[in-house]
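S.K.: Chain residues, written in single-letter form:
Number of protein chains: 2
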Amino acid sequence: MSKLYCIGVGPGDPELITLKGYKRLKECDTIFCPTARKGKESIALSIARSIIEERSVKPKIIELVFPMVKDKSMLEDAWKNNAKIIAEECTDNSVYLCVGDPSLYSTFSYIYKELKNYDIDVEIIPGIASMLSFAAETKISLAEGDDILTIIPACYDLDRAMKVADASNTLIFLKDGRYFANVMKVLKNSKFKKGRLAIAEDVSSNTSKALITDISSIKDIPVEKYFSIMVVKDE
Amino acid sequence: MSKLYCIGVGPGDPELITLKGYKRLKECDTIFCPTARKGKESIALSIARSIIEERSVKPKIIELVFPMVKDKSMLEDAWKNNAKIIAEECTDNSVYLCVGDPSLYSTFSYIYKELKNYDIDVEIIPGIASMLSFAAETKISLAEGDDILTIIPACYDLDRAMKVADASNTLIFLKDGRYFANVMKVLKNSKFKKGRLAIAEDVSSNTSKALITDISSIKDIPVEKYFSIMVVKDE
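Heads up: the sequence lines are chains A and B, in that order.
Each residue of the first sequence is one higher than the last, beginning at 5 in this note's numbering.
Each residue of the second sequence is one higher than the last, beginning at 5 in this note's numbering.
Since the hints were derived computationally from the structure, they do not count as laboratory data.
Predicted model, so just to flag it, every value in this text is computed and none were measured.
Among the hints, erroneous ones may be present.
Just so you know, same-sequence chains aren't split out, so a pair can sit in one copy or run between any two.
Stated by the list, open to error - Listed below are the simulated DSSO-like cross-link pairs for lysine-lysine, each with C-alpha atoms no more than 27 Å apart in a straight line:
| no. | residue 1 | residue 2 |
| --- | --- | --- |
| 1 | Lys-64 | Lys-42 |
| 2 | Lys-74 | Lys-195 |
| 3 | Lys-167 | Lys-189 |
| 4 | Lys-64 | Lys-143 |
Just chain A, with the same shape it has in the complex (with noise of 0.2 Å):
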């Protein structure tokens, strides 16, 4: 039976991955990798490029493409079409690599429904996920005691995301710092008011830039990014 180890290899520092995830780096033979389009590295795979380089014998890299739009059917042919990609060259030793960890927003939650149509065994080793890197980096803590955390990926839906802010203590907004000026248009009206803040953009970078403030002596909301986490706590 074929075996396929998906594996979650952090927010981008390549010692964030877990010994297991490394251990299965170091011996698989096939290793699958998404990417945005054609030609474009694969952000997974260039995350585990040193550990792959350590290796003597290398291993055989296959990347796949997910294209980065909102049809729905579009999106279903690619998971379809790369769900066979992998039935058609999974061994019983490869590995598919996410970012972050597969079981946050991730891809191969997709490719993972499709994959039941074939006779794979799936193990998932998990990852660190971006906003607990973020959290470490910037010594922040996301959630202490009772605190109720939420985490909030589509800004842009705001009537939603208020409605979980009331009852909640920290809000973690993930991906796209282009509405992040909105968001805290909203927040300055809401409990949060009186609240923290640390904002990054190009998160797992060497551009990454944080920055951590009172909500009321925010001006401007300098993130535009799409990669981007804003953390608020109402403390």
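Dock chain B against the given chain A, drawing on the hints supplied.
M.R.: Structure of chain B alone, referenced to chain A:
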């Protein structure tokens, strides 16, 4: 200047520590680890034990007692005392061990605030949170696409939990499994009544058991342990 690395050692499997944490554990000269009472082995230490045993020169191990009480002044005394012990014993290559990740419901957040009174450089190394390894083991994706994910550590406060439930797609209840039966009664009258549920007790131990089922088909909740996790999805 003294240097303290706070390492998230992950949920229980020693191979789920990060490479970065592993390297620190192999090189440090002093290890601080929390325990609930004197003489009871630290869970964090037991996770790291096999890595420490690989070393020829053993580090000094200092257990810090954090009593499992709700009394605020007793807790504050423990944080202050333990920070003082760390300040006195910290070298330029010490580590503090945390189960899971240091930024999520960890005692380290309180210790870190106290350590600001001392001249200690702190670096935090993130770890795999138990909810991520639970998701990996049960092959549940915690959140996809635009899903809002909410983490609720205190399920005895059901009013507050239900305020966030309505606008969330996934709820993760942590810690106290003795309240899970009450949570289920409320969920059966919510938008989650047609959803799925995954539940485990004794997470991160050999006796860990997991149950995955439809919420509508739940009759009895078997979980009565303190260290428990329940994931509820509205799909």
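S.K.: Now look at each hint and say whether the structure bears it out.
M.R.: Verification of the hints:
1. Lys-64 - Lys-42: Result: close within a single copy only, 17 Å intra versus 52 Å inter.
2. Lys-74 - Lys-195: between (33 Å within a copy, 26 Å between copies)
3. Lys-167 - Lys-189: Cα proximity of Lys-167 and Lys-189: in one copy and across copies (15 Å, 22 Å).
4. Lys-64 - Lys-143: Only across copies: Lys-64 and Lys-143 sit 26 Å apart there, 39 Å inside one copy, limit 27 Å.
Checked against the numbered hints listed earlier, the structure breaks none of them; every hint is satisfied.
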